[in-house]
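S.K.: Sequence:
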Amino acid sequence: MSIVALAGFSFWIAALALVGSSQAAPGRRKSLTDLTTLAAATFLLSVVTVHLLFQPGADLIVAAYLPDGRNDTLPLVGKQALADFTNLRNAMTWYWGTAFSLAMASIYFPAELSIPDSQIEKQGLQSIWKLMASVVTVVSPLLASGALQIIQPLVDSISASR
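End of the sequence shown = 162 in the numbering used here, gap-free, step of one.
Quick caveat, the hints were computed from the structure, so don't treat them as lab data.
Cβ coordinates follow ideal geometry from the N, Cα and C atoms, glycine included.
There's no promise every hint is true.
Claimed, not checked - Using C-beta positions, here's what the derived DEER-type ranges look like: (1) Leu16 x Asp59: 19 to 25 Å; (2) Leu154 x Val19: 38 to 44 Å; (3) Val19 x Thr98: 22 to 28 Å; (4) Ala63 x Leu113: 48 to 54 Å; (5) Ser106 x Leu53: 24 to 30 Å; (6) Ile13 x Leu76: 50 to 56 Å.
As the list claims (entries may be wrong) - Here are the simulated EDC-like cross-link-like pairs (lysine to aspartate or glutamate), alpha carbons at most 20 Å apart as the crow flies: (7) Lys79 x Asp156; (8) Lys130 x Asp34; (9) Lys30 x Asp117.
Please build the complete structure, drawing on both the sequences and the hints.
M.R.: Structure below.
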C-alpha cells in the first residue's frame, strides 16, 4: 500500500508542478498525458494485484471445507463461505478501482484545464476523441475492476471443468 500511496502522491506533485510550469502548452499537455498514463498503469496493476491476492484465500476455503475422498463437492457451508469471500474480493477490487480513478480524475482534469487551449474547452471532433482517450486512461483502474469481474467467473468455470 505504501508503494501505491507514494505513486499517488508523486502523481499529484508532478501534476501540480506541470500546472505551475513555464513550459509551452503543447509540452505541458504531452507531459501531463505521459504522467497520467504512467500513473494509470501503476494503479491498473495495483487493482489486478488486489484481485489476485485474494485467490489464495479462496483456495484455502475450498481446501478447508472439501471433505476428504468425497467426489470433490463442497458442502453447503463451504459454498457459502466461498461465495462470501468472492463477494469480498469483488468489492475490494471495485473499491480500489474507483478510489484510484477518482484520485487521478481529481488532479488530471483541473491540471488539463489550467493548460492554455485545454482539450476540454476546445470544440470539434478531434479534440473530443483526444479527451475521450484521456478519460479512458484516467478511469482505467475502474475499467480493469469491471473487466476482472467479468473474466473471473470464466476463469473459475474453466478451472473447475479440468
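S.K.: Next step is simple, just say for each hint if it's right about the structure.
M.R.: Structure-based check of each hint:
no. : hint                       : in the structure
1   : Leu16 x Asp59: 19 to 25 Å  : violated (43 Å)
2   : Leu154 x Val19: 38 to 44 Å : holds (43 Å)
3   : Val19 x Thr98: 22 to 28 Å  : holds (25 Å)
4   : Ala63 x Leu113: 48 to 54 Å : holds (53 Å)
5   : Ser106 x Leu53: 24 to 30 Å : holds (26 Å)
6   : Ile13 x Leu76: 50 to 56 Å  : holds (52 Å)
7   : Lys79 x Asp156             : holds (14 Å)
8   : Lys130 x Asp34             : holds (13 Å)
9   : Lys30 x Asp117             : holds (13 Å)
Hint violations for this structure: number 1 only, all remaining hints satisfied.
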